[in-house]
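**Q** Read in UniProt numbering, the sequence shown has 82 at position 82, and its numbers run on one by one without any break.
Calculated from the structure, these hints are not laboratory results.
Glycine included, C-beta positions come from ideal geometry on N, C-alpha and C.
Treat the hints with care, as some may be off.
Said to hold, decoys possible - In the SDA-like style, the derived pairs of lysine to any residue whose C-alpha atoms are separated by at most 25 Å in a straight line are:
1) K61 with A24
2) K61 with P87
3) K61 with A117
4) K61 with W200
5) K61 with T201
6) K61 with D82
7) K61 with R30
8) K61 with E198
9) K61 with W104
10) K61 with D288
11) K61 with A44
12) K61 with Q162
13) K61 with P46
14) K61 with A225
15) K61 with R279
16) K61 with D230
17) K61 with L196
18) K61 with W192
19) K61 with E34
20) K61 with R40
21) K61 with P121
22) K61 with F146
23) K61 with E280
24) K61 with E51
25) K61 with A195
26) K61 with E141
27) K61 with H84
28) K61 with I95
29) K61 with G137
30) K61 with R177
31) K61 with P197
Said to hold, decoys possible - Beta-carbon label-pair distances, calculated as ranges:
32) E51 with E141: 24 to 30 Å
33) D85 with Q162: 39 to 45 Å
34) A225 with D85: 33 to 39 Å
35) T153 with E186: 36 to 42 Å
36) D82 with E198: 37 to 43 Å
37) H53 with G148: 28 to 34 Å
38) D85 with H142: 23 to 29 Å
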Amino acid sequence: MTAHADAPTAQTEPAMAHEEGHAALADIVRGALEWVTAHRDRFALPPDVLETHTDLNWSMKPLGELARLSTSITRAAHTVADHHDDPHWRQLAEIARELLDFTWSEIGEGRVLRELARLEPHATYPLEIYAAFASAGLRDEHFEEFTGTLVRTRAWASTEQQPNRRLGVLAAEHQARLPSHDDPTEALRRTWLGALPEPWTFDVTAGYALTHTVFHLTDWGARPAGVPADLDTYLHHWLPCWLDSCLEDQQWDLGCELLAVGASLPEPYPPDRHLPVWREVAGRRAPDGSLHEVGAEPPDAFAHRYHSTLAAAFAAALTAASTTRSRPSESAHRDAHPGHPGHPAHAGAHR
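Whenever a hint applies, use it, and build me the whole structure from the sequences.
**A** Okay, structure coming up:
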C-alpha cells in the first residue's frame, strides 16, 4: 500500500459547506444503523455460547464490537443533537441506544461475561467487552467483584499480549473501577504509535494498532485530552498520507477507523481534510447503507460488512461531534516537527 505525493483526495480538496457536511455524516450514520438493525439477529449469541466448542470470534466478538461502537455512537449523536438542537441526530442516538440495550440483554446484563470469566479466569476479553457497558453506565457488581480478584494475580499481570491490546486492558480495568496492573504511560510507549515510528513503516497491521491505541487513550473518542501532545502532533502530520493510502488501496474499514482517530484528537482533524475522504467513503456504500471492508467488489456477506459498517457510523458520529468543540489556535507543539524527515505527502505506507 503506497501513498503518492499527487494523491488529491485527503489533502487538497476544499471543504464542503458545514450544513452539507453534517447532513452527509448523518446520512452515513443512519444508513449504517438501519443496516445493523436489520441484521441484528446475526449479532445474537448462540445458545451454546458457554460451551468450549463455540467459536467466540463469531459469537462474542461481533456482539462486543456492537456494544462498544453503539455506546460511542449514542454518546456522539447526543452531543451533536444537544449542540444543534437537532431532532435527526437525537433519533440516531435513540437507534444506537436500542442496539446497545440489545447487546446488554444478550449477555444477560452481565451474567454471560461473568460465566465466561469463571471458565477462563485469566482471559481478558470478558473484561474488555464489559468495559463498553460500564462506560455507558451499565454495570454488574458481581462481575466487577469477581474480576477484581483476577486482576490482582501474577498470572493476569504476566499475560502475553500485543502492546495496544495491553493498553486496552488497562483502560478496561479503569472503566470497571478495578486497580491497574501496569503503568498506562509506560504501556503506551510500548505501542507502535507510542514509539513515534518512521511514518513509512505504516501498513495495515500497524494501522489497526494505531487506531486502537488512540481509542483506548480517549475512551473511544470521548476524552480527546487523553492523547499526549507529541502523539497529537505526529498524527496531524501523518494522517493525511495514511488516509490517502487507504483510499488508494480500498481499505474502507481501516480508513473509517483513521477518520475516527482524526475526530478523537485534542484539536480534531480539519474539515478540509476529512470531508473529501467522507465523500469517497459515502460513494462506496451499498444501497442498503452497508460498507464493505476492503476492495471494489467484495462478497455480499455479513462477515465482510458488519465491522466496516459499524466503523463508518462510529467515525461519522465522532466527526460530527468533533465540530461542536471549540477549536484552539495552532498550538506551539503543533508547529514542532514530529521528528522524521520529509513531508507527509512523500511518506509511503507499504504492505
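**Q** Looking back at the numbered hints, which does the structure fail to meet, lowest number first?
**A** 1, 2, 4, 5, 6, 8, 14, 15, 16, 17, 23, 25, 27, 31, 34, 35, 38
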